[in-house]
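Participant: So you can see what is in the structure, the chains are spelled out below.
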Amino acid sequence: MKKLTTLLAATALASVMGTAAWSKTLVYCSEGSPEGFDPGMYTAGTTFDASSRTVYNRLVEFKHGSTEIEPGLAESWTVSDDGTEYTFKLRPGVKFQTTEYFTPTREFNADDVIFSFERQYKEDNKWNKYVAGASWEYFAGMGFPELIKSIEKVDDLTVKFTLTRPEAPFIANLGMDFASILSKEYADKLEADGKMELMNQQPLGTGPYTFVAYQADAAIRYKANPDYWGGAQKIDDLVFAITTDAAVRAQKLKAGECHIMPYPNAADVAGLKEDPNLTVVEQEGLNVSYLAYNTLVAPFDKVEVRKALNMAVNKQAIVDAVFQGAATVAKNPIPPTMWSYNDAIEDDKYDPEAAKKMLDEAGVSGLKMKVWAMPVARPYMLNARRAAELIQADLAKVGVEVEIVSYEWAEYLKLSSDKDRDGAVILGWTGDNGDPDNFLDTLLGCDAVGGNNRAQWCNKEFDDLMTKAKTTADVAERTKYYEEAQVIFKKEAPWNTLDHSLVSIPMSKKVSGFVMDPLGIHRFDGVDIAE
Amino acid sequence: MLRFILGRLAVLIPTFIGVSIIAFSFIRLLPGDPVMLMSGERVMSPERHAELMNQLGLDRPMYIQYLDYLGGLVTGDFGSSIVTKRPVLDDFLQLFPATLELSLCAILVAVCLGIPAGVLAAVKRGSWLDQTVMGAALVGYSMPIFWWGLLLIIFFSGYLGWTPVSGRISLMYFFPQVTGFMLIDSLLSGQAGAFKSAVTYLILPTVVLATIPLAVIARQTRSAMLEVLGEDYVRTARSKGLAPLRVVGVHALRNAMIPVITTIGLQVGVLLAGAILTETIFSWPGIGKWMVDSVFKRDYAVVQGGLMLIAGVIMLVNLIVDLLYGFINPRIRH
Amino acid sequence: MTAIDTKATDPKVAGGTTPPSGLSEFWFYFSRNKGAVIGLVIFLIILFVAVFAPFVAPHSPSIQNREMLLMPPVWQQGGSWGHILGTDAVGRDILSRLIYGARFSLFIGLVVVTLSVVSGVLIGLVAGYFRGRIDTFIMRIMDIILAFPSLLLALVLVAVLGPGLLNAMIAISLVNQPHFVRLTRAAVMTERTKDYVVGSKVAGAGTLRLMFLTILPNCLAPLIVQATLAFSAAILDAAALGFLGMGAQPPTPEWGTMLAEAREFIQRAWWVVTFPGLAILITVLAINLMGDGLRDALDPKLKRS
Numbered sequence: 001m002k003k004l005t006t007l008l009a010a011t012a013l014a015s016v017m018g019t020a021a022w023s024k025t026l027v028y029c030s031e032g033s034p035e036g037f038d039p040g041m042y043t044a045g046t047t048f049d050a051s052s053r054t055v056y057n058r059l060v061e062f063k064h065g066s067t068e069i070e071p072g073l074a075e076s077w078t079v080s081d082d083g084t085e086y087t088f089k090l091r092p093g094v095k096f097q098t099t100e101y102f103t104p105t106r107e108f109n110a111d112d113v114i115f116s117f118e119r120q121y122k123e124d125n126k127w128n129k130y131v132a133g134a135s136w137e138y139f140a141g142m143g144f145p146e147l148i149k150s151i152e153k154v155d156d157l158t159v160k161f162t163l164t165r166p167e168a169p170f171i172a173n174l175g176m177d178f179a180s181i182l183s184k185e186y187a188d189k190l191e192a193d194g195k196m197e198l199m200n201q202q203p204l205g206t207g208p209y210t211f212v213a214y215q216a217d218a219a220i221r222y223k224a225n226p227d228y229w230g231g232a233q234k235i236d237d238l239v240f241a242i243t244t245d246a247a248v249r250a251q252k253l254k255a256g257e258c259h260i261m262p263y264p265n266a267a268d269v270a271g272l273k274e275d276p277n278l279t280v281v282e283q284e285g286l287n288v289s290y291l292a293y294n295t296l297v298a299p300f301d302k303v304e305v306r307k308a309l310n311m312a313v314n315k316q317a318i319v320d321a322v323f324q325g326a327a328t329v330a331k332n333p334i335p336p337t338m339w340s341y342n343d344a345i346e347d348d349k350y351d352p353e354a355a356k357k358m359l360d361e362a363g364v365s366g367l368k369m370k371v372w373a374m375p376v377a378r379p380y381m382l383n384a385r386r387a388a389e390l391i392q393a394d395l396a397k398v399g400v401e402v403e404i405v406s407y408e409w410a411e412y413l414k415l416s417s418d419k420d421r422d423g424a425v426i427l428g429w430t431g432d433n434g435d436p437d438n439f440l441d442t443l444l445g446c447d448a449v450g451g452n453n454r455a456q457w458c459n460k461e462f463d464d465l466m467t468k469a470k471t472t473a474d475v476a477e478r479t480k481y482y483e484e485a486q487v488i489f490k491k492e493a494p495w496n497t498l499d500h501s502l503v504s505i506p507m508s509k510k511v512s513g514f515v516m517d518p519l520g521i522h523r524f525d526g527v528d529i530a531e
Numbered sequence: 001m002l003r004f005i006l007g008r009l010a011v012l013i014p015t016f017i018g019v020s021i022i023a024f025s026f027i028r029l030l031p032g033d034p035v036m037l038m039s040g041e042r043v044m045s046p047e048r049h050a051e052l053m054n055q056l057g058l059d060r061p062m063y064i065q066y067l068d069y070l071g072g073l074v075t076g077d078f079g080s081s082i083v084t085k086r087p088v089l090d091d092f093l094q095l096f097p098a099t100l101e102l103s104l105c106a107i108l109v110a111v112c113l114g115i116p117a118g119v120l121a122a123v124k125r126g127s128w129l130d131q132t133v134m135g136a137a138l139v140g141y142s143m144p145i146f147w148w149g150l151l152l153i154i155f156f157s158g159y160l161g162w163t164p165v166s167g168r169i170s171l172m173y174f175f176p177q178v179t180g181f182m183l184i185d186s187l188l189s190g191q192a193g194a195f196k197s198a199v200t201y202l203i204l205p206t207v208v209l210a211t212i213p214l215a216v217i218a219r220q221t222r223s224a225m226l227e228v229l230g231e232d233y234v235r236t237a238r239s240k241g242l243a244p245l246r247v248v249g250v251h252a253l254r255n256a257m258i259p260v261i262t263t264i265g266l267q268v269g270v271l272l273a274g275a276i277l278t279e280t281i282f283s284w285p286g287i288g289k290w291m292v293d294s295v296f297k298r299d300y301a302v303v304q305g306g307l308m309l310i311a312g313v314i315m316l317v318n319l320i321v322d323l324l325y326g327f328i329n330p331r332i333r334h
Numbered sequence: 001m002t003a004i005d006t007k008a009t010d011p012k013v014a015g016g017t018t019p020p021s022g023l024s025e026f027w028f029y030f031s032r033n034k035g036a037v038i039g040l041v042i043f044l045i046i047l048f049v050a051v052f053a054p055f056v057a058p059h060s061p062s063i064q065n066r067e068m069l070l071m072p073p074v075w076q077q078g079g080s081w082g083h084i085l086g087t088d089a090v091g092r093d094i095l096s097r098l099i100y101g102a103r104f105s106l107f108i109g110l111v112v113v114t115l116s117v118v119s120g121v122l123i124g125l126v127a128g129y130f131r132g133r134i135d136t137f138i139m140r141i142m143d144i145i146l147a148f149p150s151l152l153l154a155l156v157l158v159a160v161l162g163p164g165l166l167n168a169m170i171a172i173s174l175v176n177q178p179h180f181v182r183l184t185r186a187a188v189m190t191e192r193t194k195d196y197v198v199g200s201k202v203a204g205a206g207t208l209r210l211m212f213l214t215i216l217p218n219c220l221a222p223l224i225v226q227a228t229l230a231f232s233a234a235i236l237d238a239a240a241l242g243f244l245g246m247g248a249q250p251p252t253p254e255w256g257t258m259l260a261e262a263r264e265f266i267q268r269a270w271w272v273v274t275f276p277g278l279a280i281l282i283t284v285l286a287i288n289l290m291g292d293g294l295r296d297a298l299d300p301k302l303k304r305s
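Chains as they are written, first to last, in my numbering: chain A, 1 to 531; chain B, 1 to 334; chain C, 1 to 305.
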């Protein structure tokens with residue numbers, strides 16, 4: 001008992017003395033725990049926010065708040081005439097972070113670049129399987145294993161990538177998280193110490209913030225990197241407070257326990273906007289949600305039927321009920337924040353009468369169809385069940401009987417790719433790199449039939465445009481191709497484009513310098529907070 | 001005594017093997033394979049799929065997978081998470097103190113309030129006090145605690161703003177994990193206000209988690225007390241003119257405690273089940289939330305390893321309760 | 001509230017009225033417990049509402065009124081008599097959903113209790129009657145099931161079987177059933193050596209006859225009490241699973257599932273969160289009140305004290 005009293009007295013004393021000024025700390029209520037800290041192995045945005053966007057840099061970076069590319073760790077680059085050789089001039093004098101667990105002795109150079117990429121595809125590289133079950137999903141998903149022929153060090157500050165074919169989106173891909181540059185020197189040290197798994201627990205890069213500690217499922221702590229090549233940060237400490245429940249995040253923000261939160265509940269946004277201490281910034285997310293018909297199965301192989309069904313659905317009602325208005329009705333398969341978005345296109349008008357007539361004319365009556373509703377919430381579709389119920393009610397009005405089906409998520413993804421799938425599927429896509437190719441060709445190209453192309457739709461004209469756009473480096477020319485492709489898409493209506501969700505980020509009014517990112521990442525370089 | 005302990009241990013081994021078989025086979029029966037989930041909306045080529053299945057060892061015959069797994073268990077290897085790639089045991093050890101701290105606080109509250117409440121109700125049998133206490137106990141016993149937690153958050157955190165919404169301590173405090181118990185660590189850190197902060201974060205989850213054990217203990221204490229108060233020796237003591245407080249406190253309570261202690265032991269499983277819900281509501285970074293998250297992520301390895309570890313903890317606690325009981329009550333040893 | 005009436009358990013009163021038959025004796029003790037009677041009345045009301053839901057409910061539980069999303073209950077500003085307890089996020093009437101939800105909860109309780117009692121009693125009879133290796137084997141399996149926290153086991157089971165009401169019921173029955181096995185086994189073991197059993201055995205009664213007709217009826221009392229407890233526990237567990245997203249799936253108006261769906265409105269619309277939980281609490285409380293009454297009436301040990 002006496003001990004306890006002493007201890008309490010000591011705490012009381014400490015509370016008097018411990019009023020030293022807090023360093024400038026920004027608290028971000030993040031939506032989940034990072035899977036790890038080596039961005040190459042993961043695919044979740046949560047992981048990227050916590051690793052690649054704070055600790056690491058890439059050869060090229062996305063401009064703050066846009067999908068355009070700017071130089072990063074590479075100062076400049078040249079492309080050979082045939083479009084297969086990319087030579088990067090690296091930025092000189094870039095220092096890796098100094099942490100409690102590692103002090104670098106050399107600056108960033110070509111070895112680091114080669115190490116960061118080679119570990120992801122060279123199976124004999126010791127880092128290819130440095131933790132059990134390591135796999136490089138994005139690297140494989142973007143087609144890099146087949147695309148990259150070789151990576152060579154020309155000199156300490158020059159690296160040459162040789163590709164197997166011309167690929168216009170290549171530069172944009174290098175701005176993605178999986179292409180983050182790690183320190184080879186740090187890797188060598190971990191290897192020598194026999195602690196390779198620490199690469200995924202104690203990251204070390206060239207980025208604006210230095211990793212301090214991760215408290216499992218509770219918080220991640222960073223401090224500003226004083227040596228950052230992009231300039232010093234205005235805040236001293238950055239804390240990610242992991243708060244999985246959106247309502248709880250909102251409450252913490254209101255209580256001043258954190259300063260910025262992502263992914264508020266649509267229902268809470270109105271209340272947060274009213275709070276005098278908060279501001280809410282909004283932007284269309286780089287995503288789309290769609291209802292994909294199976295265009296290989298009658299009667300959905302007929303354009304008129306697909307058009308009629310599109311016209312029968314009140315998409316605004318879905319936006320209202322599922323998103324409480326925090327989304328916009330989609331007319332194109334790519335979001336409005338993406339370059340080449342064709343705003344001249346007119347959406348199919350909501351008109352049940354006309355739709356019914358069109359169905360009659362197409363000789364379709366007493367149609368029974370299935371609508372697949374995803375079992376999980378995704379940013380582009382918060383509640384597919386609810387959306388499916390609304391679609392069901394709408395289609396009933398034009399005499400179409402809808403049965404809603406759902407499967408367990410993995411099952412859903414697999415079965416929905418099936419070529420002779422029965423029914424229309426609610427699904428969506430979140431962009432990886434801001435390139436229209438990442439939506440249009442990935443989701444609607446002929447190669448993707450039986451895979452990502454859930455409409456199983458293969459249109460020669462559309463596909464030719466995709467190929468042309470992929471092999472052209474000139475952005476203006478590519479824009480034209482993509483705009484034309486959107487016209488064909490709308491005419492053919494393989495999907496009913498449902499919505500682009502509106503991304504809202506509520507934050508304290510004390511925060512300045514936070515820029516919304518169309519790619520859905522959360523960056524804290526350049527952010528400041530008033531005392 | 002030694003024979004008694006050995007006998008108990010001998011029973012544990014087949015149970016543990018049974019538990020491992022269940023944990024193992026459950027997970028193989030889960031629909032959808034983890035590799036599909038890793039890729040999400042991005043469709044994976046069948047070759048890549050096969051390659052990854054091979055990498056994770058999921059394409060080998062079931063019994064080989066099981067023997068491998070059992071071999072791992074013996075050496076303390078509970079596998080690695082498919083999502084985070086971290087060893088399951090590491091995560092468990094890191095998160096378990098949070099659950100333990102919450103559970104201990106809850107059981108402490110339940111015992112400290114439940115036993116006096118039960119005793120009072122028994123002594124004042126039939127009074128309004130008895131009726132109120134037992135009424136409250138029954139309401140507590142019938143409580144859907146996930147709803148109870150939400151109500152408390154709405155009222156105390158949202159409306160009154162008295163308690164923080166979730167987490168274990170204000171983020172303003174940062175100190176190394178020494179014991180894993182936030183209350184102790186915050187004191188050790190010597191940081192001003194850290195302990196107070198930890199306490200405010202602990203209050204609501206403790207109340208929620210303590211609700212059902214508190215009700216059970218109060219009810220159990222009351223009926224045990226009633227039984228003992230009716231026994232001859234208590235009546236004798238009373239008739240000898242011993243002070244009522246002494247009768248209740250010394251003679252009756254001591255004997256009534258035996259069934260109550262058993263009840264407390266049985267609450268461990270109840271607490272862990274309750275922790276699943278409580279931790280989910282309050283984002284408490286413990287093993288309950290960890291398991292729920294893993295079930296939803298279809299993280300085979302974590303669900304499997306976590307089931308084993310949690311079952312292990314419960315079996316261990318039951319063993320300890322058994323042994324204690326054997327000490328107190330020698331008759332049971334035979 | 002519970003009011004375990006002192007007189008009800010007073011031996012003098014009990015002895016004084018010598019009830020003529022078992023049933024009226026039962027009712028005598030049961031009705032002495034005011035709480036139990038209140039519980040019974042509430043339970044009957046819920047049962048009535050559930051059975052006649054289509055006639056009682058003012059609206060269909062699935063009709064969406066898109067003009068009235070998240071309308072507050074009638075006594076709050078903006079409420080209306082058309083939707084007494086308000087509407088949810090897609091404009092469905094909450095009261096009607098609660099009324100239909102009563103069907104699910106009672107149904108879940110009934111199915112779970114039936115499944116776990118039947119299987120538990122059968123297994124327990126076998127274990128207790130035959131003893132030996134079968135007994136050891138069975139009890140070992142029960143130990144294994146009891147080594148997991150019940151909700152966790154149910155959660156993983158449902159994940160394996162696929163989320164849904166039916167699977168949730170199967171999972172809950174499975175984790176509930178060891179209690180019945182243990183109870184039956186213990187009762188059978190004490191009854192087995194009693195004179196009347198030995199007597200019928202000598203008289204040449206077959207094993208099955210002995211098990212079901214001679215022994216089982218004499219173990220019923222604790223089983224009935226346990227069944228009541230299991231009934232309310234099943235409702236709670238199913239609601240918890242629904243809350244975690246692993247029970248009945250939306251748009252089923254199951255109370256736990258409604259709560260899970262309502263969680264995102266916790267700040268904006270207190271009524272969508274409060275009422276489903278209250279419905280669960282009241283139902284479970286009513287059943288537990290009845291359970292207390294049953295125990296008083298059936299448990300001879302308590303009667304004596």
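Think of the hints as simulated: they come from the structure by calculation, not from any bench. Please note that the accuracy of each hint is not assured.
Reference listing, derived: stretches of chain B covered by chain A, where coverage requires no fewer than 3 residues with Cβ under 8 Å from a Cβ of chain A [what the hints assert, rightly or not]: (1) 59-69; (2) 161-167.
Derived pair list, reagent style EDC-like, types lysine to aspartate or glutamate, alpha-carbon separation capped at 16 Å [to be verified]: (3) K297/B x E61/A; (4) K89/A x E61/A; (5) K414/A x E41/B.
Idealized CB from N, CA, C, for every residue including glycine.
Participant: Within 16 Å, alpha carbon to alpha carbon, are K414/A and E41/B?
Facilitator: holds (9 Å)
Participant: Starting from K297/B, check that the Cα of E61/A is at most 16 Å away, please.
Facilitator: violated (31 Å)
Participant: Is the listed coverage of the region 59-69 of chain B by chain A valid when you require three or more residues with a beta carbon under 8 Å from a beta carbon of that chain?
Facilitator: Violated: only 0 residues of the region 59-69 of chain B have a Cβ under 8 Å from chain A.
Participant: Would you check the hint for K89/A and E61/A, treating anything up to 16 Å between C-alpha atoms as holding?
Facilitator: Roughly 15 Å separates the two Cα atoms, so the pair holds.
Participant: Does the region 161-167 of chain B contain three or more residues whose Cβ lies closer than 8 Å to a Cβ of chain A?
Facilitator: holds (count 5)
Checked against the numbered hints given earlier, this structure breaks hints 1, 3; the rest are met.
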